Amino acid sequence: MNLGQHLIIAPILVPLVTGALLLLIDERRRLQKAMIGVASTIILFAVAVALFRFADSIDGPEAARQGVYLLGNWAAPFGIVLVVDRLSALMLVLTATLALPSLIFALARWHTAGAHFHSLFQFLLMGLNGAFLTGDLFNLFVFFEVLLAASYGLLLHGSGLLRVKAGLHYIAINLAAALLFLIGVSMIYGVTGTLNMADLAVRVASVEPQKRMLLEAGAGILGVAFLIKAGMWPLNFWLPPAYTAAAAPVAGIFAILTKVGIYVVLRLSLLVFGEGTSSSSGFGLQVLLIGGMATITFGAIGVLASQALGRLAGFSVLVSSGTLLMAIGLGSGAITTGALFYLASSTLTISAFFMLIELVERGQDAGASMLAVTMEVYGDADEDEPEEGGEGVALPGTMAVLGICFAACGILLAGLPPLSGFVAKFAMLSAMLEPAGSGSAALVPAVMWVVVFLIILSGLSALIAMTRSGIRTFWASLEGTKPRVLVIEVAPVLLLLLATLLLTVQAGPAMRYMDATARALSAPHQYIDAVTNARQVGPASAEVQQ
Amino acid sequence: MELVLSLGIGIMTGSGVWLILRPRTYQVIIGLSLLSYAVNLFIFGVGGLKVNGPAILADGTEAAALSDPVPQALVLTAIVIGFATTALFLVVLLAARGLTGTDHVDGREQSQ
Amino acid sequence: MPERLLFFLLVLPFAGSIATALLLRTASRSLPAWLAGSVALIATITTALYYPSVTAGKVVRQEISWLPELGLNFTLRMDGFAWLFSMLVTGIGFLVVVYARYYMSAEDPIPRFFSFLLAFMGAMLGVVLSGNLIVLSIFWELTSIFSFLLIGYWYHNANARDGARMALTITGTGGFCLLVGVILLGHIVGSYDLDAVLAAGDVVRAHPLYVPTLILILIGALTKSAQFPFHFWLPNAMAAPTPVSAYLHSATMVKAGVFLLARLWPTLSGTFEWFWLLGLAGITSLVLGAYFAIFQRDLKGLLAYSTISHLGLIATLLSLGSPLAAVAAIFHMVNHATFKASLFMAAGIIDHETGTRDMQKLSGLYRFMPHTATLAMVACAAMAGVPLLNGFLSKEMFFAEAVETHADSILDRALPYIATIYGAFSVAYSIRFIHTVFFGPPPTDIPNPHPHEPPRWMRFPVESLVFACLIVGIVPSMSIGPFLSTAVLSVLGTETPHYSLAVWHGITLPLMMSVVAMVGGTILYSLLQKYLAHCEDGPPIFRHLRGQRIFERILVTVSWKWARWVEANLGTRRLQPQLRLVAGFSFAAAAIPLYLSGFEPKLAPLAQVDPAFAMIWIIGMLSAVSAALLAKYHRVAALVLLGGSGVVTCITFAWLSAPDLAITQLVVEIVTTVLLLLGLRWLPKRVGKIDESTMLSARLRRLRDFGLAVACGAGMSILAYAVMMQPVPDTIANYFLDNAYTQGGGKNVVNVILVDFRGFDTMGEITVLGIVALTVFALLRRFRPASESIGTTEQQQIQNAFDDAQPDRKPGDTVRDYLLVPSVVMQWMFPVIITFAIYLFLRGHDLPGGGFAGGITMAIAFLLQYLGGGTRWAEDRLRILPLRWIALGLLIAVATGVGSWFVGYPFLSSHSQYVALPFIGKVPAASALLFDLGVFSLVVGATVLILIAIAHQSIRTYRIRTEPKPEDT
Amino acid sequence: MSATILYWSLTAAQLMLSIAMALALLRMVFGPRAQDRVLGLDALYLNSMLLLLVFGIGSGRTIYFEAALIIGLLGFVSTVALAKFLMRGEVIE
Amino acid sequence: MSVLPYPLLALSLLLMWLILNSFSVGHLLLGSAIAIFASWSMAALRPNKPRIRRWDLLARLLAIVLYDIILSNIAVVALILTGRRPGHHSAFLAVPLDLKDPTGLALLSVIVTSTPGTAWIEYNSSEGTLLMHILDVEDETEWIDIVKNRYERLLREIFE
Amino acid sequence: MSHAADLPLWAAIVVSAFLLLGAGLALIGMIGFTQLPTFYQRLHAPTLGTSWGTGGVVMASMIYFSVIGGRPVFHEILIGIFVTVTTPVTLMLLAQAALHRDRAEGDPDVPSVSATVSPQDDEQRLEQ
Ligand code: NA
Ligand code: NA
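The listed protein sequences correspond, in order, to chains A, B, C, D, E and F. The first sequence: position 280 = 280 (our numbering), numbered continuously. The number in our numbering is simply the position in the second sequence, starting from 1, with 1000 added. The number in our numbering is simply the position in the third sequence, starting from 1, with 2000 added. The number in our numbering is simply the position in the fourth sequence, starting from 1, with 3000 added. The number in our numbering is simply the position in the fifth sequence, starting from 1, with 4000 added. The number in our numbering is simply the position in the sixth sequence, starting from 1, with 5000 added.
Worth flagging that the hints you see were computed from the coordinates, not collected in a lab. Keep in mind the model is a prediction, meaning the values are calculated, not measured. Note that the Cβ used here is the ideal one computed from N, Cα and C, for glycine as well. Hints are supplied without guarantee of correctness; some may be wrong.
[Claimed, not checked] For each label pair, taking beta carbons as the anchor points, the in silico distance ranges come out as:
hint	chain 1	residue 1	chain 2	residue 2	range
1	C	L2022	A	F453	38 to 44 angstroms
2	C	Q2797	F	P5108	18 to 24 angstroms
3	A	R28	C	A2801	40 to 46 angstroms
4	F	G5106	E	A4075	32 to 38 angstroms
5	E	L4015	F	G5106	48 to 54 angstroms
6	C	L2022	A	V505	17 to 23 angstroms
7	C	A2199	A	F453	29 to 35 angstroms
8	A	F453	C	P2540	34 to 40 angstroms
9	F	S5112	E	R4153	28 to 34 angstroms
Could you put together the complete structure from these sequences and hints?
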């Protein structure tokens, strides 16, 4: 086993070690901490890209097996496995792409607003990466908890009334979800006798009928846990307040959190209940579809009803979730392809938007920013005040740059051309309106019309709301002072928007990757084969000398 | 055994659910604690109940006589995480109580 | 011309736009204009250079691969029709730039204006040049976006903001519909390629999806071209700077809709639905637009409604489905562009010179600006359809088509009359424009009382356009003829009819209609003249039915009032309903699959129930239920009862052969109790019951919650029972049992799983604990208790007061006496518990215990000293650095895992063997033990950190807030 | 014979201890004062410790011993904390 | 800080270790190391170091207490099962103590508590009085005598 | 009870006796705990369990395992020691807490200052 093969576990270990090391450094040595954090995140990004390139090159069972890491050298399904395939690599890259800008953004002021920001941030990355990599159901729970625990810490970072209030709800609901997760996992274990996801997929086929209902009940409970995290209506009311209350860079990285739920739903529903695997195949798809519809509707309405930008962004998260759930619920490979592209695009967008909001609202007059949570922290002198210094220079053209960024976010959220939001929407719509292949005389089923209508409606609501807020922010506020914005605050936003631009320009290769991902998901035999046949190192890892 | 335990789990769950639906943060944290007992017992029960079985591989013990160790390992992890989250929730509810002046879960007394 | 240049032609305006934007800081008014003008001119010339290719019937194509899998390639395509439109877009664009150079004032941010204008030009060119329907829809939406920015250019003006927003909302929505429409169209055809689509007309029209496709595309086109019922955005867009109106609202943006209809005419037209849908919209716009135009006070308002009307004319022509009508439509597109652009510019000059556009204020301007007046009069005449001007020709063609019978129906038969009425209206508003503005007495009530002719070069664009009107009107076949023919051919192909562009066709019915319209219009104006001089803005009957107001109201109602209502009623910001939903959903998620599969729980015989076990569980249930009942008013009682439940849980674990769980649960239990007690100190006193149970709603709520709790409890019971009673499957546990000792080197299988088989879980789990400790620490650093919780507790006050009152005591004696004897025991327990903690830790691998239980026990040892001696006393003696413990714990665990890399194994591969030491014998030396040491260290650190962080709050001094608490909303 | 004797005495002891626990619980539930409840919890701990020991005898295994030892050694910590809370309103000063 | 600040403690801990684990040379070494480490931790607390002067009396005290415990167990069982005898009642009792050493007091508290029927309630250091609660009293002075002469005297001899 | 049959009869009887003694004392203690009328009286009840109640069961366990294992097993003694040492701590802390609570509420049945002896039978006062 060469060092390169350990790369698979690097996305978990690098942030873990960094987070731990940062604890040993005194809180006052901020620069040092920041540098270490940034370095780790850059390494993480590089690792993610390397894994992404590896995943993209997977072309057969042998290559797929290379992407499996047997922890402790225990063969699957006994030990815990980490699996890099196209989907997990995509999520890793997405995480790293969000992480770096968010972290840089935080360096301007936010990382000093409370204790241990950098450690918590690294632990969050560890949790996210672990959740994406693991091939074990219970290990998934553990990484969920890691990322949630870190997210609690980061959500509360900076403290303050709104954060604590939102945090209380967020934590209470996620604790309930964690309990459901445990119930679901244990039921599945009780019925199938395994925790390994690939092994589970194999065993599900042979579960006898009287046990199958228990399996389905367990899967149902597990599903509720995931859907809470994915933000499905009506289990998502906690989300907008929490994301709104979070500090900007925290919200920036939180953009990926709901996607973890989506990821798991996608992964498990296709792996375990995929087409033709067992009599349970397609289990829960209807719930996803209807739930997704409700979510996107609620999200779109919420977007319309949002006065504050933060809430608007929070509801945009719901729109994104609803769209994805709906797309997954339709259970078609082509739609999944578009949905994956949408996932990448919308995540980048929302992340950029959350950070942008803080910059934009900084320039608002006091009346307008009564709504801004950040003011609550600033207006309230306390010992851990984020440093306001002479560093915040009003740059020339700041408003113009912010305006362009805002417009880009609006365009992306509404799915208007020319950015990736449009490409994503087009890809999904095109798959949805093409029930039986291009050029056929088939009609579009009624449910597709509803889905298409909702997607259009959500784009429209984003358009209306973003125009309304954009006008109010950039055009109607006359006495608004020029926000004091640092380069390291604008740059992350621009970086993320550039990523969407890259996604647009490289839509062809990107879509090919998503297509390969969707194909691999809907035909999981390669994943299962890779996990179950992954080879251990040496004869046996440990020997007891009697 | 199974009947008693499952009844017990049910009652604990019911009490826990009742409590987490109450308006006071303290009730919620007690409820969550009760629920985690219930869930831990549930996980444990999933492996099947073995009264008076060996717990440790000793010389001559049949491996099959041991109760399923996997759920036990899961429960141990769950206990630790449950402890951690209880602590966290407690501190957050204290912070909320300090900042809002009330111990209502929504940070204000409900008018209705 | 090389095909590559198509891309260049398209990119050029965008590049120019960016370049202009970079001039942001320039003080020069001319530099941006020069830049933009050059770009527009180069684009015009480039377009012109394509003429030879397109006139030869060639279709110039350039394709860049983009998303070939989805049929989306960046295809550009120029044929005659596209060429004609490109010339309009670039040529008029150039003129507008020239005009704007003089129109815009020095205070305006000039570079931004030209930047947006060029970007718009690029987008419009994109629409025209797209060879792929999706690409077309992309540029389509781009025109909406840039039009939004241009209309809202003077954003300090509320009208501009509202107008911009409305335009974007309407046209953006239309764009969404168009996208769906073209996707459908693409799927019917099997390709988004324009050539393929144009060739597949029969397939499309016969397809079951034709109607939805048509409706969606029509919505797109009609919104863009401001056709009824989507017309109302256009008059509101007049808040835009006049060059913008001259460009967007005459020649380009609004033309995109009819352009698209003409473009897809071969594919979509000729059906019943096409005629009715498009015809109704077109004819309504035609008449209503003209009617509304008469009653506008604003010059630009008049022009805007006139545009609606003229575009209605084009739409009507296209709806008829006859090739000749299509020719007329294309011809009128060009004509309208020229005269309307010049009229907007003229209106702009008037506005610029006088400071107003209100026709009730303007009067007799001819004497101040005769040159401009003449130009405007000619353009107006063209608009009214006066002979020898271009407008006349296409209007006559329209009248001729109106008379023809196409699709026999009421609409078709009524068309000649409608057309005549329209003609009369257009004459009337054209006369009004000329008469009120240029004739009559000099104006008295205008902001700028000394108007004069504009600068020479500001007139130049108007002159050019008016010149074009004249040339086309007088010698049509020699001027526009070849270009029109090329365009028509490229649209209609083999269907191209014979048509004549002659000025004089003899005395025909259309000519008679024109005459009637002229006379009627003149009479109408003279009748209305008095009324118009003083009337309110807007047409008499429809004055109060203003589309704008309706739109705004709908928008506010739907997107604000309803949305808020829905959000408030379908959502909640309260926790309880959310948890209720979670509980309900979980119940349903489990119950529904069971119900659908016909699940019946089977009860086993009760005989095997051990009475003692049953008794234990009666205790467990009773304490759980009592805890639930007492948690509100008797917090300590609830905590004690929770402890009871915990004890029962421990006993159960032990009873069912899981000593590890029992041990761990016990130590956690103890720490949790102390933890909750630490928290209780900061909670408000609950004195006196809040009597809410009397309220019916409260009682119902409780009943519902009770029902939910019972359902969840029962469901959980049934599930638990069902899972426990089912035969145990072939689980992975068997492998662990078989290999724990031989390969994991431990006899305690549970522990071997924790530190070896599934050590990775444990690593994650301790990370969670560490993170939570950090969070607790960070949050408590900024903790501020409620004001009534600050200071000493009630008990302490009483006891201190007592000590104070006694002569031989001083405050604090009570507590000192209280703890005098206990603290001695507690101190002596310290080393004992530490020893025990190490014992638990070390034996874990083979016997119950392990790093976690050991770590918590160690933490309890520390905790006990805090309990007995107080924080200051304990910290005076024990310097615990919990963060170090946490960090080291994590690092040890990771290092153990990484260690296996160096012997070529994956992370966390364990290595265990028994090392024979002298005198001691065999000693187990498993790497897993080292890992467990990490666990131990972290658990100690995290537990201590959490407890101590809370305990520290009691000795912190708080700045008591004097300012009022922030009110919640 | 000895097995029978032992069986019955163990069963009786288990039953007695579990009844003792139930009685302790009654005080925990009904109080009337907080100190009664706390004392009840302490008693519950003690009796459960004894039950574990009895159980160890019944199973012939020593693995229950640790749990009992933990109650004996650490069980008093939560009672101490509760008592101190009742006395001082604060656990750690 | 000396290597072995509390030799007796270390010895007890070693004993505890050996009781907990089986006796072996390995455990002797390991247990010694742990015991020494633990007694260092004790030293960190800087407790009042008790000095035991009379070991022999300690054994005697233990015997007395064990005997008393058995008797009082019987007494309390009888009280609970058969009810209170006439003329008997339960009462608080204040006992003036001369013993000041905290360890001695701790030991006294253990004795009083371990003996069913007597409860240690409150010790007032400024006045040196102990408030006890007796479950079944006929004559208070008898109890004061028991505490003062039977236990406290021995304890004072041991510790002071 | 895998090894119970190997136990000599005398040992079985002794073990059973200690078991029943310990469990019985614990039970009686708890009966007293529920029956006794005042808190300060109830305070005495658990000590039955902590003293000979524990002692009995610990003895039973030690004898049993020693006989079964054929070697002296006395680690249960630790439990006895720990219980004995820690019980006073909990009881005195709790008693004093109760005392202060009662005093704070002005309960006349408890001595107001430690020096004041209340000779009156608190049961009698309770009946008043
Ligand atoms: Na006693
Ligand atoms: Na105790």
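Status of each hint after checking the structure:
1. L2022(C) x F453(A): 38 to 44 angstroms: 42 angstroms Cβ-Cβ, so the 38 to 44 angstroms window holds.
2. Q2797(C) x P5108(F): 18 to 24 angstroms: 22 angstroms, holds
3. R28(A) x A2801(C): 40 to 46 angstroms: Hint holds: Cβ distance 42 angstroms, inside 40 to 46 angstroms.
4. G5106(F) x A4075(E): 32 to 38 angstroms: For G5106(F) and A4075(E) the Cβ distance comes to about 33 angstroms; the hint holds.
5. L4015(E) x G5106(F): 48 to 54 angstroms: 50 angstroms, holds
6. L2022(C) x V505(A): 17 to 23 angstroms: At roughly 21 angstroms between Cβ atoms, V505(A) and L2022(C) fall inside 17 to 23 angstroms, so the hint holds.
7. A2199(C) x F453(A): 29 to 35 angstroms: 30 angstroms, holds
8. F453(A) x P2540(C): 34 to 40 angstroms: Since F453(A) and P2540(C) have Cβ atoms about 39 angstroms apart, the given range 34 to 40 angstroms holds.
9. S5112(F) x R4153(E): 28 to 34 angstroms: Since S5112(F) and R4153(E) have Cβ atoms about 30 angstroms apart, the given range 28 to 34 angstroms holds.
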